[in-house]
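Keeping their order, the protein sequence lines are chains R and E. With our numbering, you'll find the first sequence wraps up at 575, consecutive numbering, no jumps. With our numbering, you'll find the second sequence wraps up at 575, consecutive numbering, no jumps.
Simulated from the structure, these hints should not be mistaken for lab results. Watch out, some of these pointers could steer you wrong.
Any copy, or any two copies together, can satisfy a pair, since identical chains are not distinguished.
Calculated cross-link-like contacts (lysine to any residue; reagent style SDA-like; alpha-carbon spacing at most 20 Å) [unchecked claim]:
id, residue 1, residue 2
1, Lys118, Gly193
2, Lys118, Val541
3, Lys301, Thr192
4, Lys301, Ala566
5, Lys301, Ala285
6, Lys301, Asp117
7, Lys118, Pro262
8, Lys301, Glu489
9, Lys301, Gly327
10, Lys301, Arg153
11, Lys118, Ala321
12, Lys301, Gly121
13, Lys118, Glu319
14, Lys118, Pro312
15, Lys301, Gly350
16, Lys118, Pro326
17, Lys118, Leu305
18, Lys118, Glu308
These are the residues of each chain, in order.
Protein chains: 2
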Amino acid sequence: MNDPDQAYRATTEFFAELVGHGVRDVVVSPGSRSTPLTVTADATPDLRTHVMIDERSAGFFALGLARAARRPVVLVCTSGTAAANYLPAVVEAHYSRVPLIVCTADRPPELRDKGAGQTIDQVGLYGTHVRWAVDLPVASDMSAAAARRWAARAIAEGSGPHPGPVHCNWPLREPLAPGEWPPAELVTGEPTITIDRPPPVLDHRSAAELAELAGAERGLIVVGPGDLSAVADAVAALSRHTGWPVLAEATSSIRTGPHLDGAPFLAHWDLLLRGDAWADAHQPEVVVRLGGSPTTKSLRLWLERCRPPMVLVDEAARFDDPGDVVTRVVAATTASALDALGRGPGVARSVWTDAWTSADAAVQARVDELVDGGPLLEVGIVRAVDAALSADATLVVSNSMPVRDVDGYLPLSPRPLRVVANRGASGIDGVTSTALGIAAAGSSTVLLTGDVALVHDIGGLLAGLRGGLDLTVVVPDNGGGGIFELLPVAAHQGIDVETLFVTPSRIDWDGLDGLAGLRVHQVDTAPDLRAAVVAAVQAPGIDVIRVPVDRAASVAQHGQLAALGADLAVP
Amino acid sequence: MNDPDQAYRATTEFFAELVGHGVRDVVVSPGSRSTPLTVTADATPDLRTHVMIDERSAGFFALGLARAARRPVVLVCTSGTAAANYLPAVVEAHYSRVPLIVCTADRPPELRDKGAGQTIDQVGLYGTHVRWAVDLPVASDMSAAAARRWAARAIAEGSGPHPGPVHCNWPLREPLAPGEWPPAELVTGEPTITIDRPPPVLDHRSAAELAELAGAERGLIVVGPGDLSAVADAVAALSRHTGWPVLAEATSSIRTGPHLDGAPFLAHWDLLLRGDAWADAHQPEVVVRLGGSPTTKSLRLWLERCRPPMVLVDEAARFDDPGDVVTRVVAATTASALDALGRGPGVARSVWTDAWTSADAAVQARVDELVDGGPLLEVGIVRAVDAALSADATLVVSNSMPVRDVDGYLPLSPRPLRVVANRGASGIDGVTSTALGIAAAGSSTVLLTGDVALVHDIGGLLAGLRGGLDLTVVVPDNGGGGIFELLPVAAHQGIDVETLFVTPSRIDWDGLDGLAGLRVHQVDTAPDLRAAVVAAVQAPGIDVIRVPVDRAASVAQHGQLAALGADLAVP
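Using the sequences and the hints, build the whole thing.
See below:
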């Protein structure tokens, strides 16, 4: 007879060790095979339990929570397709480098691949999309020391220079209910295994070479997606020291904040770079790239054209460089690379700096004129939402249109703002669940999403209502995937673009209002939107603010905006 | 420059060849990278396009459609996490042997693993859960003949003795929109490659050995899940010829129908086998097992105890036998195995036959008394739904409680009824989407599901409303996962079973009524339920019929029912 208490001891020690390494949250989905994991996780001191029925939502919820709290989050589910539902969030976590500790219950080895119920091949289920995967020994055969060691290993594999998801597959034998519960002895939450991993810091020679590069006048700092707020001050300091403009995507979370003071950060560089004449007249001598691979197409195409020496700072040395333009990879911490660059001679502001900042200001004036003078469309929505947000807020942005609009038009501001998008794999799935995870971490959270993305994760929205979470959702409603109207396929008369690509979401907004306590609002002007966001952020529960958007007007305005940089004077 | 027309030619030929092999449906989710696949699939004559935003729902919808139509269904999605969302349905299709042709768009090789947008490692994404996976050459480099060949290969790999999902990963290079569209030339839907695969038929010696086995008096025919309606007559004929009782799970779809006439099929064998004394006094000399691995626990435990010689008929020879009780595997078609067994001497009805049928009738009377005399609970719901269904209906059943109640209590009847459950991996995910796929195949479809399963796939329900599909949903609402009340963990006072396992679904039924055209009804008695199902089946659109169930009463009744077989007289 299998000893259930031994399994409970092992999982108890496992979770206690995780807590010792800073884990604070576990997201549980209901199931029978996972009973020992669920019961002991819930009983672990200093580990908060979140329950979500749908494992796909649970995965994205954990992803959001881990992003917001900046520490690993544990997932627990039962065997079978439950585990398969985690894959989308695991893939996103892999590419966006978010630590998740995925614990899937499984049948013990003697019941696998022989037709036993709810049993699938879970070993290696997430393929190459985890840092590490282990098919653990059967829990009732695992010693306390072994359980501690597996937990510490999971922490070590999922953190460090290249954090990400890890998969612990837990074979569990019946009986699954505990014998004695709660146990007589408590286990300690202190870690039994200490992990020392010093960050990689540049050596003297490499640092000197970087410092020499930083002597160039015509330099640029390009910042892709991923949370860089921890180095915001250092980026700004380097920018001030060198006079190099900063072209940061909004999802770096460093395009706003007090660090901007006196540093040449730009807001509308995407539009500048769409003007070929201006862009080609302003080719840099050197580019320093931080964060993930930039998603802005104009930037990518321009860098592929002018191919300056380019330094990619990435502690994990992943060579994320689709255009093959990087010429140096610095596998050191971003802080240490910025420090080395800052030891260069410095030229402070120059003609180069002023050319960029004055062009940015000129484009800004044109954007203001165009957006403020027209109907409320996506760009005006970004600006109104931005104006409503306070410094403690997190703005979560769906992929596809919303993130492009935020990257393109989020104004510079001294108010810090966390901007989060699932830019690892850039799917439109799980966006609402991700935002709810961020909200569950305690942040005041506003989600800007499309109607198609809202439909894709409607189960996540309802789970948030069940869970009593607090979220404000802003939906520019263009009745489907408006982004497809901007693609070449839309020009073909013989293709049913509306049905096959735009996929009208046909949301019954009136029906949603009041459902499970949801509040749906509709606004049509920028001041109303701003006021609605302010009110919704202060109210508990979930508010959805719908902003009807005329798709044809939106396509036209995006076209006008794209052309704004094209006729800038070239000095 | 890449030639988009060549890519369109390749995908056009691919889909045309699939149609030539009998494919009739494609389920498309919107995306940009998949444009050539989407556009050409939609333009293919005799291929019906279904559009679903959420790829997870799309996957289960395709699964249901393929089950109902008994032919492969194609899935098309864009690159990235879109493809990851198919995994749950692919896993279920793998284990339940349903052919799906999963076409995922991907970046071309030169843009992989280097930080390009919406690019994940899709090669081998579904691991061991597909029959075959291929990373195709870039579509614009693929000849028409090659495209035809890949399509025929996909058909061949996904069908035959062990049907299941296949994965075609499609690298597509920009530009993605077609040059000339529609093309000047039409392609033929006739297959260019013929596949001859004769079914495995037993040789003379094996057939003779089976015929000899069939001479036993104390034989049983055990039928697990999976659609066996094609051999229903043959099973009944063998049963009549040998006098062997048939213990069929409802999800075999052969527990009702005109073939039952004069054949000793049993309805309440689960209850009989829960009575140890009766069961042990009725040990068989030989068992013939058809279909998937039986899920009924009492049967499994009993067979492990008495270990009779057991013949497993499985053309794919998968040895699905968690109890290690099978002694002979017949890797021939079920029809040929039944034919061989039917050539035995035959004993017709015997004392053995009568012992089983009279015990089944005795238990039936007790069940009638208990269920008809009490409040409307799960078993009464199964009976009322059954009574409302006509011969052309399909009853889709969620895993967890509903499928157990249907397996345990679906009455014998001369009316044929297709009963479908996702018994491959037995997840509660995607149940509604599966039912919608079955409905889309043209069957009159009734879904019996739990409130937790309904919440898990609420996005599927809303997609069905958007798609104008016709479905009747019956929900015994016990306010959460009532099944956990039946598990040992529920006995522990120190564990918050309600929050961690039962997970109250807190469905806002009033709010759902009218949402996007949904109709929600509530009934409390068996006659009302029966009338409501009849009315809902006749009405277009989606009806949800909620039957409030008292969880404590349900637990008590399940306990009483389980005990019914325990005190049967042992002759």
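I'd like to know which numbered hints this structure contradicts. Please list them from smallest to largest. Structure breaks hints 1, 2, 3, 7, 10, 15.
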